[in-house]
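Asker: Single-letter residue listing:
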Amino acid sequence: MIKAIGLGAATALLFTAMAGAAQMQPSDELSAETSLTGSVGDPVEGRKVFADRKLGNCLACHAVSDMSDQLFHGDVGPTLDGVANRYAPEQLRAIVVNSKEMFGDQTIMPGFYTLKVGVDVADEFQGERILTAQQVEDVVAYLTTLTKDPN
Amino acid sequence: MNKKKPVLAAAIGLMAAMAIGPAQSDPVDDKLVIDGELEMVTRTKAPEGSPFEEVLSGWLYRTEETRALEADSFQNPGMLYVERGEEIWNEVDGAAGKSCASCHGEAASSMKGVGAHYPKWNAAAGKPYNLELKINDCRTANMEAEPYKFDAADQKALVTYIKHQSIGMPMEIDLSAGDMQSWWERGKERYYLRMGQLNLACATCHENYNGHYIRADHLSQGNVNGFPTYRLKQANMVSLHNRFRGCIRDTRATPPKAFSDDLMALEVYVTWRGGGLSIETPAVRQ
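Going line by line, the protein sequences match chains A and B. Numbering of the first sequence is given in my numbering, commencing with residue 1 and proceeding in unit increments. Numbering of the second sequence is given in my numbering, commencing with residue 1 and proceeding in unit increments.
Check the hints yourself; a few may be wrong.
[Unchecked claim] The calculated label-pair distances, taken between Cβ atoms and stated as ranges, are:
1. A:67 x B:234: 36 to 42 angstroms
2. B:38 x A:71: 31 to 37 angstroms
3. B:104 x A:119: 26 to 32 angstroms
4. B:93 x A:105: 38 to 44 angstroms
5. A:127 x B:94: 23 to 29 angstroms
6. B:234 x A:119: 25 to 31 angstroms
7. A:119 x B:233: 49 to 55 angstroms
8. B:177 x A:119: 28 to 34 angstroms
9. A:126 x B:97: 19 to 25 angstroms
10. A:116 x B:80: 42 to 48 angstroms
11. A:71 x B:192: 15 to 21 angstroms
12. B:146 x A:53: 57 to 63 angstroms
13. A:126 x B:192: 21 to 27 angstroms
[As the list claims (entries may be wrong)] What the simulated footprint calls covered on chain A by chain B, stretch by stretch (three residues with Cβ under 8 angstroms from a Cβ of chain B suffice, anywhere in the stretch; the number is not a length):
14. 37-45
15. 54-67
16. 73-84
17. 114-120
Simulated from the structure, these hints should not be mistaken for lab results. For clarity, every value in this text was computed on a predicted model and none was experimentally measured. For every residue, glycine included, the Cβ atom is placed at its ideal position computed from N, Cα and C.
Whole structure, please, built from the sequences with the hints as guidance.
Answerer: Below, the structure written as structure tokens:
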């Protein structure tokens, strides 16, 4: 299941540590301390989820120089260059799972793995989270590769 | 690895500082003068009670090319709809054998300023009416014609034509009439209501982040003074309730129906928020 191939040794080490503590327990409570899937995400997949407008669409709000090949990075949120130096992986997971728990109720950033959402959710999204547990782990794995600080 | 794991409280403090984000992409400092003659108010002091000091037209957030299209009425694609609206104005329709012109004469005089003051309290209906509802009222009661369906091409053209008769005049609604105040309040609640799977309110984007880019879109204050608006992306006129519904759908919520009480209340409130801006119809947006 671990597809994290070609990562730096440090990151791989970190992943091993995380996988050790993992529990198979996707729940809406913030279980952000440990992997939602019980295993380590795939940063290559995570990079795709991050850019995909129908999935993370993170680029709508965040710029990241790793994706300078993509047009139109938003500037609603901070640039994510070097974000892995600013947060531990479990904090990155908490931010992606439900940013409201980290930044407060007023944040514009959607919670990507929560059912605490707004009113009148469209039928096709009812009872659904924006991302799957696997996609969250993949995005978190991608974020941990962003170690290059802005300029 | 020597990564430090910051204490959560400290991390949140840090984030609060960073929440300001990268340099804001400000709206331009430019003047909108239509055909080199008609100077428009695109910035003005916000109404008492507004969260802003200044209200800004969406025009100031658009690209140079888009701004230029609006400033030149020969190039503005929305002007075709004004022309079509003029035809409809003079067309007889319905069992009573009347056109708009039969009762209202020349729109250039009879409709001047009218569109700038909608939505208006309608005592008979006991609710605010926008131009679309008023036109349908005239069609059924006076022309004995079918009311337009929402977003029928003729409805958009006629509303565009009538609003255009007020171009350059300040948008100003009367909240003291009838029960307008309570509709304003309902609209305000709606404006701050978090909607959909993405959990966003109108205010989240248009109040907290106007001036920022959300992917390729430069977020404005979401003012309504240009509606119906010619949207280049859709190559079509876009009515106000269509725009409201689009923004709501983007939050992954089911939008209320056009002209529903929810959207009428929102129209009253959002029109008030942009009070004092010039009517730009037909505005050009991306």
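Asker: Please go over all the hints and tell whether each is borne out by the structure.
Answerer: Comparing the hints with the structure gives:
1. A:67 x B:234: 36 to 42 angstroms: violated, 28 angstroms
2. B:38 x A:71: 31 to 37 angstroms: holds, 36 angstroms
3. B:104 x A:119: 26 to 32 angstroms: Between residue 104 of chain B and residue 119 of chain A, where Cβ atoms are some 41 angstroms apart, the hint is violated.
4. B:93 x A:105: 38 to 44 angstroms: violated, 51 angstroms
5. A:127 x B:94: 23 to 29 angstroms: 48 angstroms Cβ-Cβ, so the 23 to 29 angstroms window is violated.
6. B:234 x A:119: 25 to 31 angstroms: holds, 27 angstroms
7. A:119 x B:233: 49 to 55 angstroms: Between residue 119 of chain A and residue 233 of chain B, where Cβ atoms are some 27 angstroms apart, the hint is violated.
8. B:177 x A:119: 28 to 34 angstroms: holds, 30 angstroms
9. A:126 x B:97: 19 to 25 angstroms: Given about 50 angstroms between the Cβ atoms, the range is violated.
10. A:116 x B:80: 42 to 48 angstroms: holds, 47 angstroms
11. A:71 x B:192: 15 to 21 angstroms: With Cβ atoms ~32 angstroms apart, the hint is violated.
12. B:146 x A:53: 57 to 63 angstroms: For residue 53 of chain A against residue 146 of chain B, whose Cβ atoms are near 40 angstroms apart, the range 57 to 63 angstroms is violated.
13. A:126 x B:192: 21 to 27 angstroms: Given about 23 angstroms between the Cβ atoms, the range holds.
14. 37-45: Our answer is that it is violated, as 0 residues pass the Cβ test (under 8 angstroms) against chain B, missing three.
15. 54-67: holds (count 5)
16. 73-84: holds (count 8)
17. 114-120: Held - the region 114-120 of chain A has 5 residues with a Cβ nearer than 8 angstroms to chain B, which meets the minimum of three.
The structure does not agree with the numbered hints 1, 3, 4, 5, 7, 9, 11, 12, 14 stated previously, though it agrees with the rest.
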